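There are 2 protein chains.
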Amino acid sequence: MTLSGTSFLGYQRGRTGGAVFHATDLASGQPLSPPAHAAHPDEVDTACALAWQAFRAWRQRPDADRAAFLRAVADGLDARVADLVAVTCRETALPEGRVRGETGRTSGQLRLFAGLLESGAWMDARHEAADPARKPAPKPALRSRLIGLGPVAVFGASNFPLAFSTAGGDTAAAWAAGCPVVVKGHPCHPQTSEIVAEVIVAAARATGQPEGVFSLLFDPGHALGQALVSHPRIQAVGFTGSRAGGLALMKIAAARPQPIPVFAEMSSVNPVFLLPEALATRGESLAAATHGSYTMGSGQFCTCPGLLVGDVADPASPYVAKLRELTAATPALSMLSPAIAARYREGVAHLRGLPGVQLLAEGAPAGERQARATLLATTASAVQARPELLDEVFGPCTLLIHAPGAQDKLRLAAALEGQLTCTVHATAADLAAHADLLDELELKCGRLVFNGFPTGVEVNAAIVHGGPFPATSDGRSSSVGTFAIQRFLRPFCWQDDPRRG
Amino acid sequence: MTLSGTSFLGYQRGRTGGAVFHATDLASGQPLSPPAHAAHPDEVDTACALAWQAFRAWRQRPDADRAAFLRAVADGLDARVADLVAVTCRETALPEGRVRGETGRTSGQLRLFAGLLESGAWMDARHEAADPARKPAPKPALRSRLIGLGPVAVFGASNFPLAFSTAGGDTAAAWAAGCPVVVKGHPCHPQTSEIVAEVIVAAARATGQPEGVFSLLFDPGHALGQALVSHPRIQAVGFTGSRAGGLALMKIAAARPQPIPVFAEMSSVNPVFLLPEALATRGESLAAATHGSYTMGSGQFCTCPGLLVGDVADPASPYVAKLRELTAATPALSMLSPAIAARYREGVAHLRGLPGVQLLAEGAPAGERQARATLLATTASAVQARPELLDEVFGPCTLLIHAPGAQDKLRLAAALEGQLTCTVHATAADLAAHADLLDELELKCGRLVFNGFPTGVEVNAAIVHGGPFPATSDGRSSSVGTFAIQRFLRPFCWQDDPRRG
Numbered sequence: 001m002t003l004s005g006t007s008f009l010g011y012q013r014g015r016t017g018g019a020v021f022h023a024t025d026l027a028s029g030q031p032l033s034p035p036a037h038a039a040h041p042d043e044v045d046t047a048c049a050l051a052w053q054a055f056r057a058w059r060q061r062p063d064a065d066r067a068a069f070l071r072a073v074a075d076g077l078d079a080r081v082a083d084l085v086a087v088t089c090r091e092t093a094l095p096e097g098r099v100r101g102e103t104g105r106t107s108g109q110l111r112l113f114a115g116l117l118e119s120g121a122w123m124d125a126r127h128e129a130a131d132p133a134r135k136p137a138p139k140p141a142l143r144s145r146l147i148g149l150g151p152v153a154v155f156g157a158s159n160f161p162l163a164f165s166t167a168g169g170d171t172a173a174a175w176a177a178g179c180p181v182v183v184k185g186h187p188c189h190p191q192t193s194e195i196v197a198e199v200i201v202a203a204a205r206a207t208g209q210p211e212g213v214f215s216l217l218f219d220p221g222h223a224l225g226q227a228l229v230s231h232p233r234i235q236a237v238g239f240t241g242s243r244a245g246g247l248a249l250m251k252i253a254a255a256r257p258q259p260i261p262v263f264a265e266m267s268s269v270n271p272v273f274l275l276p277e278a279l280a281t282r283g284e285s286l287a288a289a290t291h292g293s294y295t296m297g298s299g300q301f302c303t304c305p306g307l308l309v310g311d312v313a314d315p316a317s318p319y320v321a322k323l324r325e326l327t328a329a330t331p332a333l334s335m336l337s338p339a340i341a342a343r344y345r346e347g348v349a350h351l352r353g354l355p356g357v358q359l360l361a362e363g364a365p366a367g368e369r370q371a372r373a374t375l376l377a378t379t380a381s382a383v384q385a386r387p388e389l390l391d392e393v394f395g396p397c398t399l400l401i402h403a404p405g406a407q408d409k410l411r412l413a414a415a416l417e418g419q420l421t422c423t424v425h426a427t428a429a430d431l432a433a434h435a436d437l438l439d440e441l442e443l444k445c446g447r448l449v450f451n452g453f454p455t456g457v458e459v460n461a462a463i464v465h466g467g468p469f470p471a472t473s474d475g476r477s478s479s480v481g482t483f484a485i486q487r488f489l490r491p492f493c494w495q496d497d498p499r500r501g
Numbered sequence: 001m002t003l004s005g006t007s008f009l010g011y012q013r014g015r016t017g018g019a020v021f022h023a024t025d026l027a028s029g030q031p032l033s034p035p036a037h038a039a040h041p042d043e044v045d046t047a048c049a050l051a052w053q054a055f056r057a058w059r060q061r062p063d064a065d066r067a068a069f070l071r072a073v074a075d076g077l078d079a080r081v082a083d084l085v086a087v088t089c090r091e092t093a094l095p096e097g098r099v100r101g102e103t104g105r106t107s108g109q110l111r112l113f114a115g116l117l118e119s120g121a122w123m124d125a126r127h128e129a130a131d132p133a134r135k136p137a138p139k140p141a142l143r144s145r146l147i148g149l150g151p152v153a154v155f156g157a158s159n160f161p162l163a164f165s166t167a168g169g170d171t172a173a174a175w176a177a178g179c180p181v182v183v184k185g186h187p188c189h190p191q192t193s194e195i196v197a198e199v200i201v202a203a204a205r206a207t208g209q210p211e212g213v214f215s216l217l218f219d220p221g222h223a224l225g226q227a228l229v230s231h232p233r234i235q236a237v238g239f240t241g242s243r244a245g246g247l248a249l250m251k252i253a254a255a256r257p258q259p260i261p262v263f264a265e266m267s268s269v270n271p272v273f274l275l276p277e278a279l280a281t282r283g284e285s286l287a288a289a290t291h292g293s294y295t296m297g298s299g300q301f302c303t304c305p306g307l308l309v310g311d312v313a314d315p316a317s318p319y320v321a322k323l324r325e326l327t328a329a330t331p332a333l334s335m336l337s338p339a340i341a342a343r344y345r346e347g348v349a350h351l352r353g354l355p356g357v358q359l360l361a362e363g364a365p366a367g368e369r370q371a372r373a374t375l376l377a378t379t380a381s382a383v384q385a386r387p388e389l390l391d392e393v394f395g396p397c398t399l400l401i402h403a404p405g406a407q408d409k410l411r412l413a414a415a416l417e418g419q420l421t422c423t424v425h426a427t428a429a430d431l432a433a434h435a436d437l438l439d440e441l442e443l444k445c446g447r448l449v450f451n452g453f454p455t456g457v458e459v460n461a462a463i464v465h466g467g468p469f470p471a472t473s474d475g476r477s478s479s480v481g482t483f484a485i486q487r488f489l490r491p492f493c494w495q496d497d498p499r500r501g
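Heads up: the protein sequence lines correspond to chains L and P, in order. Residue numbers for the first sequence follow my numbering, beginning at 1 and rising by one. Residue numbers for the second sequence follow my numbering, beginning at 1 and rising by one.
Bound conformation, chain L alone (with noise of 0.2 Å):
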């Protein structure tokens, strides 16, 4: 395996001579080489420039050409997981089993979209035939259905290497779509983005594609990406990653002379309610459930759990006592580079500063490059004075709420800004009791989830992986399952054409 941290332009390779930056192997804290080298301004061009012939070309081309491809690449990833284990591990300080798994996940949603072109339902395509005889006018053939809306710049995020960057969802969603993709690649993971490239290209070439379905664009900063979304060729945008990061690409989007929506799948607290006879009956499983769910990856899920709502003011309670002693347990826990390990401690410190805020237990202390798992606690009252204590601290951080009566949570519920996910624990009584609460969850979030967590997201068919706003830019999507196709498509009405009858 030998890299050599360029571009993809299409089949060609970008130059070097530009900015390089390095990746850090996370268990040394060196640099890794080769380094990666930031694309020059023009190749954002070149990249768009065949995008769009490439969109051009794919138009005329059956569906059954791009599934090919997408199995090609699925299966090309597959076969490159013992090379994926050995960068991305090193790059991004997950575990081996979590890299067979998303490069699984990876190719299996590359397949799931691959059958969904198959099977033709994703175009909607619907009919109305011809009434010459309709008085008073004639009524015209109508057929409609959708169509894909043209190049798509593709973020990759940090803290999925594989599922959500390179050959990711939103990449995988697009391109079955019809729309060709420009990556700008994560600077945290640059090796691991190239090996998904070769890979890309590869099935690209072996089914005969053509040149721009799919370019990489390395910066190690803003700018390339910035005039990226800014590019006249690219008709729409999906990004995963921060708040700030996300509002930045909608402001560049919304003020282009042509505006193009943009698809940020930017924060969440993903609350979980803790309904009373559920917690009362359930509470060391609970427990043990909870600090699973938060410290799952480091915490470093979109989907993880940072706000425990319910009636935990007694830190002797079944729930309190068992969450404290297996956040204390915790062993210092890897996270994906220096920078979200120090904006951690930032975040965590912040959060522990602001009034009414206790520290409940802490894991083991963490080195530079790790974050130590950290259980808090405050109250309803303390929340609806000062609502930043609701606001996101990337990691595996959690904070409980003490929020007793079924009013104290319906009126958290209703401070809450929008979330990719709202969870309750509840018996069949604790529901019966709540049906207030449901229903304001439902609206704050794309998806509630019952006596479960919100970590672990099926990819499939039913499901949905975004929410209101700030949890995505546009609620209206989603960016998980065969739902996400959605995005990148427009519909589009064929009258009286007499080639389609």
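It should be emphasised that the hints constitute simulated quantities derived from the structure, not laboratory data. The reader is advised that the hints may include incorrect statements.
[Unchecked claim] Some chain P residues flagged as far from chain L (calculated, every beta-carbon gap over 12 Å):
| hint | residue |
| --- | --- |
| 1 | S33 |
| 2 | D75 |
| 3 | E198 |
| 4 | R411 |
[To be verified] Coverage of chain P stretches by chain L, computed from C-beta distances (three or more under 8 Å per stretch; other residues unrestricted):
| hint | segment |
| --- | --- |
| 5 | 451 to 459 |
| 6 | 473 to 479 |
| 7 | 483 to 497 |
Owing to the predicted nature of the structure, the values given are computational and were not obtained by experimental measurement. Using N, Cα and C, we set each Cβ at its ideal position, and we do this for glycine too.
Add chain P to chain L, keeping to what the hints say.
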């Protein structure tokens, strides 16, 4: 029939005491009585609070309730067609046949959405069954469907006082989606709006709807509409009107703490491409149909064909000669308001004054509240030098563009902005010789019409009335037909909900 000119706040009427404004009796030019009363700023709050309450109540009720409401509004409108004829003809100068036809279209739209609701197909219900035995983790049950976004602000359109105003297409689609509507009435036809609002309120009461599913706010200016789009309870916007107006609303919506989608249908010149064999063999009949289309409704349709592209340099050719003759014989055409008539005069004067533009024919001279049909001519090379020749002039004006060869037409198509429609007149041989042009036009519009004219939009399941920016703010939407409901819906997923299985 007694009208008061005050706003509707749920089941109450708004206060007087603010600014008053008058619609114009377009036959006499005199102000109509009674005047309309601008809503007070606090009435925006009242209407939005009621809409939010109603949204919460509607979420708990069966879809059949909303379908009954839609049908009751439809029946109520049909029953008051005589009143509408009396009032709307005076306020808008539309002829009686058009007002009757548009009333039928409006009630028909409401019944179309009622039927869609009753079918259940609109909700895109999806189900993935649980698999507790799945390894490594059990599979949860997922049920997802589309749900309503929340209260919608609808801006009445000047050019469809019924079908795209108070109970028009945007309102019907929003209601079907479960979204209460706050309408900002168009200041050109307050009396029409008031009659329609009376029908709506009576239907809401008769079918037992929660108060707040509808409010109507009057205002002669922009401030109230801006406050409405800024209001935190409003979750989406439907607008049909000018590009400047649509862009202003998009800007306000994007700058909110919680940005919301704006579905603005803004501007389109609806180019018609006259391919060589069709033009040579059907010149005269094409000219008659072109004239009928561009002067229909005094050219005040969003689908008015404003560009005619082909081999049209010879003023003695059958197509051009006939179009000149029919244009010259066109009587002065009544316009929807004095302001629209004035803007038309300005727009034509500006276009005529641009280099390379020639006047080919004019209709009868027009009075102050009328428009003079205008046929202009230019060349493809003049357009390349000055793209503003392609800008919309709202009214009965159309521009012949001499683009004789296939490459001329292709270049012109590539220079177009996004359109609601594009049209080709073509024989089978023409189509075969212009495949590139057809592909280019598909990129530019939402509906491609063959051997017909863009005016006369069907309302059914297969129509698309939308198109790439600036035809609409979001080319992924349609404002006509059942597809229009999707603007006001978002996907929602219940995971392992014991109430749903």
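Structure-based check of each hint:
No beta-carbon of chain L comes within 12 Å of the beta-carbon of S33 (chain P); the shortest separation is about 35 Å. At the 12 Å boundary, the C-beta of D75 (chain P) stays outside the reach of chain L, the nearest C-beta of that chain being 23 Å off. With a cut of 12 Å on Cβ distances, E198 (chain P) stays outside the contact zone with chain L, its closest approach being about 29 Å. Distance check on R411 (chain P): its Cβ is at least 15 Å (rounded) from any Cβ of chain L, clearing the 12 Å threshold; non-interface status holds.
Under a criterion of three residues with beta carbons nearer than 8 Å to beta carbons of chain L, the stated coverage of the segment 451 to 459 of chain P is upheld, 4 such residues being counted. Using a Cβ-Cβ cut-off of 8 Å, 6 residues of the segment 473 to 479 of chain P lie near chain L, which meets the minimum of three, so the contact claim holds. For the segment 483 to 497 of chain P, the assignment as covered by chain L holds, since 10 residues bring a beta-carbon within under 8 Å of that chain's beta-carbons and 3 suffice.
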